[in-house]
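**Q** Chains as they are written, first to last, in this note's numbering: chain A, 1 to 292; chain B, 1 to 118.
Just so you know, the hints here were simulated from the structure itself, not pulled from any lab data. Note that CB positions come from ideal geometry on N, CA and C, so glycine has one too. The reader is advised that the hints may include incorrect statements.
Claimed, not checked - Among chain B residues calculated to face chain A with C-beta under 10 Å, some are: (1) Val8; (2) Gly10; (3) Arg59; (4) Leu63; (5) Leu71; (6) Leu86; (7) Glu104; (8) Phe106; (9) Arg115.
To be verified - Heads up, simulated DSS-like pairs for lysine-lysine below, C-alpha to C-alpha not over 30 Å straight-line: (10) Lys24(A) / Lys89(B); (11) Lys80(A) / Lys24(A); (12) Lys24(A) / Lys108(B); (13) Lys108(B) / Lys207(A); (14) Lys24(A) / Lys207(A); (15) Lys108(B) / Lys31(A); (16) Lys31(A) / Lys89(B); (17) Lys80(A) / Lys207(A); (18) Lys89(B) / Lys108(B); (19) Lys31(A) / Lys207(A); (20) Lys80(A) / Lys89(B); (21) Lys80(A) / Lys183(A).
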Amino acid sequence: MAELIWGLATSHVPSIGAAMDNRKTEDPYWKPLFDGYGPAREWMAEHTPDVAIIVYNDHANAIELNMTPMFAIGTADAYKVADEGWGSRNVPPVVGAPELSEHILVSLVDEGFDMTVCQELEVDHGLTVPLSVYCPEPGDAWPCAVVPILVNVIQYPQPTAARCLALGEALGRAIRSFPKDLKVAVFGTGGMSHQLAGARAGLINEKFDRMFLETIETDPAALAALSREDYIREAGSEGIELIMWLVMRGALGPEIRRIHETYHVPASNTAAALALFQNLPGEAGQPSGASR
Amino acid sequence: MPSSTPEVPGTYVFDVAQSNRGYALNRLCGSLKDAANRERFSADEAAYCDAYGLSPEQREAILQRDWTRMLDLGGSIFYVFKLAVLDRKSMQDLGGIFTGMTTEEFVKALNAGGRSFG
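Next up, chain B with everything else stripped away, as it sits in the complex (with noise of 0.2 Å):
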């Protein structure tokens, strides 16, 4: 028997599935590496979305930047890591994000050891 993908709580581990459901979103994100590209979409956010044929959840989450959804919905954090950059967000600012804290409380935990899982 093949292995699974693995399942470690609160932990998104990318695979065939998720880059299934998660490909319009991922390929919208990663244009973004291009300049040309993310002035075209900083001009239009709206007619970029439909360009890439996301479904109406994925808009959604990419217009109002809900980061956690865009993930859930399938997205990789290498990829929705380059809109984060173009809004000037670190990744730090998204850790605080994807664990409910301030960007400075994160930064903190970070400086303090880092967060500890058992």
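Excised from the complex, chain A in its bound form (with noise of 0.2 Å):
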């Protein structure tokens, strides 16, 4: 059966892919952040999955205002990396698993979560920042598969916090009742407090973010429990997409422990940061105490 092997949760601004693409991960402005990244990156070497699910937001790129999917599932063998108006990055194309796809969208239907299936996806910096956050010199692949899904957060009404944990604990569900030996991390990606546009502009909540880095992992039901406008006020219009990482956090069980975490001040016009779980299986390699 496949095992959930970690979480992560990442920033996945644009800038933070452009500074690996362009070497620029020495400079002082970034380097504090690429350092704090070194040892999760360190750990995941040793602990590869075979595939990644990564849970994102597109960015006016596959998706456009014409449908708004508020939950979505890649089904396909490759995704394009997508232009989104400044050319592609130059990084491997994303390979699909289309298996895993298949079977994670019938297990989450069969649940309630009627997902939108994208038999072609162009993904964007959302989904490949994080895999290079994971993998910096990835050559001419990806070490793994990737499964994308998708949330709306860029339209109100985004789904809610308690949604997407819910949606997470389902996806810990379907991954542990996939038939193959696979090894599978889960990505939860985006924030933290950030807002692009308004008089608002540059906001960064650092209590807020220290308060999320620490309750998703101890409190996840509280951080569920927070409304819409509590995401947009405390952590700025853009800050809502932390809703995503409570996908992660429900995909993974109960018993998780943290590998790592790194907090910085800006990413351009956002608090970055990264958080690194490993998900510690209970009894018969399920989760000790998973809901249902």
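Could you use the hints to bring the two separately framed chains together as a complex?
**A** Written as structure tokens, this is what we have:
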């Protein structure tokens, strides 16, 4: 059976990818952030997944305003890297895991999560920057296949934080019931506090971010109880991306171990963070106290 | 009762009403993700605007690069940003414009830990 080995929460700011693409990670501006990634990258390099399930949002690239899926999943065997308006990132194409995608899709819909199905999907910085955070030097190919899961975070009504956590719990059950010996990691991406437009542009709320970083481990239900207005007021209009971390957290069992975290301000207009959690399976490989 | 669009001062919350208002403008800006469209837009901006059915106010905001007005007219920052990139403007440039600061002042505020609001 498939095994969920770790969960990674990470910001997906485009300039973090650009800093790697343009070899600027040793510049004084970027060095503290990338130094902060170091211990997590070392640990992940020794605990490599076969498939990464990356929970992210599209930014006006694959999804336009003519249709706004609340939750969507990619089911393709490959995903092209999008040109977002400034040329595509020079990173390897993303290879899919269609069998696992289909298994997750069916499992989620059976549980009442009516996912939109994407058979063709160009992936933008929301997905490729987290891959680069995991693997900065992929060479010709990423070290794992990918299942993209998309969340609408840019148009109200976004799914509630509680629904995101519940989706994650169902995702965890789906992964654990996949009848092949695969190692799987789940990425929750976006955040932390930031607001791009309006008079509050440039907002950073370190106090909220630190609370979130701690509570995502210890009491995700408390974060799931926050309203959209709470997220937007405290973390900014784009900080609501943090609800995607809850999908990752829900997929992990209640027993997890924090391997590493780092928090840095700023990455362009954003508070950037990384938090890495090892999933500790309970008896018989099942999470000891997973709901249901 | 369903929830309502959050109202947070100084913050655009993009919802269905905003999407209706800004649909043509966002479609135009979104089209600039394609290199061929970027070339066509740059060759004749006014004609490109006409093809997208912008309101007169939206057309003026695009042609004059009135970034705040674009958002007031229903623009979503992720769409409007594609036009900014074509102009070689960064998100920090826009942040300065939105907040009445120079880019340098805005960047300095971020480097100092970001802008705090209660």
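**Q** Each of the hints needs a verdict: does it hold here or not?
**A** Taking the hints in turn, this is what the structure says about them:
1. For the restraint placing Val8(B) at the interface with chain A, the shortest Cβ-Cβ distance is roughly 5 Å, inside the 10 Å limit, so the hint holds.
2. For Gly10(B), the shortest C-beta to C-beta distance to chain A is roughly 4 Å, which falls under 10 Å, so the interface hint holds.
3. Violation of the interface hint for Arg59(B) is found here, the shortest Cβ-Cβ separation to chain A being roughly 19 Å, above the 10 Å cut-off.
4. Interface hint status for Leu63(B): violated, as the beta-carbon distance to the closest one in chain A is roughly 19 Å, over 10 Å.
5. Residue-level restraint check for Leu71(B) holds (minimum Cβ-Cβ distance to chain A is 6 Å; threshold 10 Å).
6. Against a cut-off of 10 Å between C-beta atoms, the interface hint on Leu86(B) holds, since the closest Cβ of chain A lies about 7 Å away.
7. This hint is violated: Glu104(B) has a C-beta 13 Å from the nearest C-beta of chain A, more than the 10 Å allowed.
8. The interface hint given for Phe106(B) holds, since its Cβ lies 6 Å from the closest Cβ of chain A, which is under the 10 Å cut-off.
9. About 4 Å separates the beta-carbon of Arg115(B) from the nearest beta-carbon of chain A, less than 10 Å, and the hint is met.
10. A C-alpha spacing of about 20 Å is found between Lys24(A) and Lys89(B), which places the hinted pair at or below 30 Å, so the restraint holds.
11. A C-alpha spacing of about 25 Å is found between Lys80(A) and Lys24(A), which places the hinted pair at or below 30 Å, so the restraint holds.
12. Restraint check for Lys24(A) and Lys108(B): satisfied, since their Cα atoms lie roughly 20 Å apart, inside the 30 Å limit.
13. Taking the CA atoms of Lys108(B) and Lys207(A), the gap is near 20 Å; set against the 30 Å cutoff, the hint holds.
14. At roughly 29 Å between alpha-carbon atoms, Lys24(A) and Lys207(A) fall within 30 Å of each other, so this suggested pair holds.
15. About 18 Å separates the Cα atoms of Lys108(B) and Lys31(A), which keeps this hinted pair within 30 Å; it holds.
16. Distance hint between Lys31(A) and Lys89(B) is fulfilled; the C-alpha atoms sit about 24 Å from each other, no more than 30 Å.
17. Proposed proximity of Lys80(A) and Lys207(A) is contradicted: the alpha carbons are some 38 Å apart, above 30 Å.
18. Taking the CA atoms of Lys89(B) and Lys108(B), the gap is about 17 Å. The hint holds against a cut of 30 Å.
19. The straight-line distance between the Cα atoms of Lys31(A) and Lys207(A) is roughly 23 Å, inside the 30 Å bound, and the hint therefore holds.
20. Simply put, Lys80(A) and Lys89(B) have alpha-carbon atoms about 26 Å apart, close enough for the 30 Å limit, and the pair holds.
21. Taking the CA atoms of Lys80(A) and Lys183(A), the gap is near 24 Å; set against the 30 Å cutoff, the hint holds.
Hint check: violations occur at hints 3, 4, 7 and 17; the rest are consistent with the structure.
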